[in-house]
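Sequence lines, in order, name chains B and P.
When we follow our numbering, the leftmost residue of the first sequence carries the number 188, and every step to the right adds one.
When we follow our numbering, the leftmost residue of the second sequence carries the number -4, and every step to the right adds one.
Hints were generated in silico from the structure; no laboratory data involved.
Be aware that a few hints might be false.
A short, non-exhaustive set of chain B residues, derived as facing chain P with CB atoms under 10 angstroms [as the list claims (entries may be wrong)]: (1) Met396; (2) Tyr408; (3) Tyr410; (4) Thr474; (5) Arg477.
Once the Cα atoms are required to be at most 27 angstroms apart in a straight line, the calculated BS3-like pairs of lysine-lysine come out as [as the list claims (entries may be wrong)]: (6) Lys409/B / Lys238/B; (7) Lys62/P / Lys4/P; (8) Lys62/P / Lys74/P; (9) Lys392/B / Lys62/P; (10) Lys92/P / Lys392/B; (11) Lys43/P / Lys4/P; (12) Lys387/B / Lys4/P; (13) Lys409/B / Lys92/P; (14) Lys392/B / Lys425/B; (15) Lys409/B / Lys425/B; (16) Lys437/B / Lys409/B; (17) Lys425/B / Lys192/B; (18) Lys62/P / Lys387/B; (19) Lys92/P / Lys4/P; (20) Lys437/B / Lys387/B.
Idealized CB from N, CA, C, for every residue including glycine.
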Amino acid sequence: MVEEKKFISGNDAVAFGVRLARPHVISAYPITPQTVAVERLSEMVEDGSLKADFMHVESEHSAISAAMGVSVVGARVFTATSSQGLLYMSEGLFYAAGGRFPIVMMNANRSLALPWSIYGDQSDSLSQLNSGWIQVYVEDAQEVLDMIIQAYRIAEDPTVLTPFMVNLDGFLLTHTYEPVSIPDQAGVDAFLPAFSTHNKISLEKPLNMGFSTTPQDNLEYKYQQHKAMLDSVEVIQKTDSEFAERFGRKYGGLVEEYFCNDAEVILITLGSVTGTARVVVDRLRETGRRVGLLKIRYMRPFPVNEVNRVCGTVKRVGIIDRDISFGYEGTVFTNVNSALSRLSNSPETVNFVCGLGGRDIAKEDLEGMFLQLLDGSGSGEMERVQFIGMRVSINDR
Amino acid sequence: MKNRPGITKWERPSHIDDYPVGPSFAAGHLVTMNAAWRTFRPVIDLEKCTGCYRCYLVCPDGVIFKKEDKVDIDLDFCKGCGVCSYECRVDAIEMIKESGK
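Take these sequences, add in the hints, and give me the full structure.
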């Protein structure tokens, strides 16, 4: 099996992945920095290489509504958005998850207004963790292509039937170029069977879909959703292994560990900053410092066991958050701490809030974080929630 | 052969697997009468009725059914909206005030 290699952007890679997954319908509204992905898909539909219906919807709310309509007839659909668009379709996200529609969506991580910003951070998708969607965060263009394909298989699994959000960093990944291997269509067809579900309308078996509940039954439906998300962990691991077998690329499932085995301190990352952090880990390891990196891939379902296994015995854990829950702490930090609280002995944790609104996270910033984790703050307690890379001085609290 | 769904006895679920996956269920599943707020009841004069089926087509609740070349109304589910009476071209349907039974 020969894979074609192309020098493409993250947005291009999304389009290549979607075409291979053979959706019946694309229903998406353009928004920076996702636009190019959707434009590529429209070009593919136009030149006939992608046999799908391309719906022109008038907003993101319509995009997700139309996507649900497609799913309701048992067809495979793709949509994409970012930031304000994701929030515009927010009620639809909960709707789709509750309706058990296996929609796959690419979300280009972008900052949320106000202040209005087109640049990247992860506040958009992290603010929607409760919506009931499976959420994965990719590190590069190759991973986004591969994850689009895996997403359909996981989402459409009859024990899962949950919509799937593939997140990639706005501009950092959507607009940068790298060599990407494009799997062959035959290989993908063998890996990803045609979509088949009972959760659809038909003339043979008419269904009343999307009904309301009284307090008598609501909890049970929510429990089902919750259980399906927990059950998806097994499907995620299996899909990751089978993808590796067939296409030769293994991502590790819910998390990926980098030099964690004998690490004294660990940094937890989401998305493209992982790539930068790997270089810093290598550099510091050369100087004899035992640092490790834990890449969280899936934020939902959350990798409780993996986080506890990897971080349980280290001295300190730093968690990078490219978002902030105002008045408290970063979202990834909250999630990690909740997991660690199940341990009788858990490490000290520090939140590094950085990279908001497109601000760069430099190797020097990451090195500083590792050194702080290793050496502590010197005098007294380390500040638990730290804003990295502030360009001005602030008043003491 | 029945040409409309009837009321079925419904056992409340006792196990989570008794629930359908997602809030959906076979169409035409009726477990209880639903006509309690009806104020006016449609009455069809079968002498005037021509069997054109216009009322059958326009009823928003689908409670008018075909019966021996003409129509009848399922009063277990009729809400008394009066669309059938309004739309009947030969004025065969009259809306009578419910006596308050």
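Each hint, compared with the structure:
1. For Met396/B, the shortest C-beta to C-beta distance to chain P is roughly 4 angstroms, which falls under 10 angstroms, so the interface hint holds.
2. With a cut of 10 angstroms, the hint placing Tyr408/B at the interface with chain P holds, because the nearest CB-to-CB distance is about 6 angstroms.
3. The interface hint given for Tyr410/B is met, as the beta carbon of that residue sits about 7 angstroms from the closest beta carbon of chain P, less than 10 angstroms.
4. For Thr474/B, the shortest C-beta to C-beta distance to chain P is roughly 54 angstroms, which exceeds 10 angstroms, and the interface hint is violated.
5. Interface hint status for Arg477/B: violated, as the beta-carbon distance to the closest one in chain P is roughly 46 angstroms, over 10 angstroms.
6. Using a Cα cut-off of 27 angstroms, the hinted pair Lys409/B and Lys238/B is violated, with the two alpha carbons roughly 36 angstroms apart.
7. Using a Cα cut-off of 27 angstroms, the hinted pair Lys62/P and Lys4/P holds, with the two alpha carbons roughly 25 angstroms apart.
8. Distance restraint check for Lys62/P and Lys74/P: the Cα-Cα separation of roughly 20 angstroms lies within the 27 angstroms cut-off, and the hinted pair is therefore satisfied.
9. For the hint linking Lys392/B to Lys62/P, the alpha-carbon distance of about 25 angstroms falls within 27 angstroms, and the restraint holds.
10. Taking the CA atoms of Lys92/P and Lys392/B, the gap is near 38 angstroms; set against the 27 angstroms cutoff, the hint is violated.
11. Distance hint between Lys43/P and Lys4/P is unfulfilled; the C-alpha atoms sit about 37 angstroms from each other, more than 27 angstroms.
12. Distance hint between Lys387/B and Lys4/P is fulfilled; the C-alpha atoms sit about 25 angstroms from each other, no more than 27 angstroms.
13. Pair hint Lys409/B plus Lys92/P does not hold up; C-alpha atoms about 43 angstroms apart against a cutoff of 27 angstroms.
14. With a CA separation close to 32 angstroms, the supplied pair Lys392/B and Lys425/B exceeds the 27 angstroms bound.
15. For a cut-off of 27 angstroms, the pair hint linking Lys409/B to Lys425/B stands: about 25 angstroms separates their Cα positions.
16. Distance hint between Lys437/B and Lys409/B is unfulfilled; the C-alpha atoms sit about 32 angstroms from each other, more than 27 angstroms.
17. For the hint linking Lys425/B to Lys192/B, the alpha-carbon distance of about 26 angstroms falls within 27 angstroms, and the restraint holds.
18. Only pairs whose Cα atoms come within 27 angstroms are accepted, and Lys62/P paired with Lys387/B is rejected, the gap being roughly 32 angstroms.
19. Straight-line distance between C-alpha atoms of Lys92/P and Lys4/P comes to about 31 angstroms, which puts the hinted pair past the 27 angstroms bound.
20. A distance of roughly 33 angstroms separates the Cα atoms of Lys437/B and Lys387/B; the hinted pair therefore is violated under the 27 angstroms criterion.
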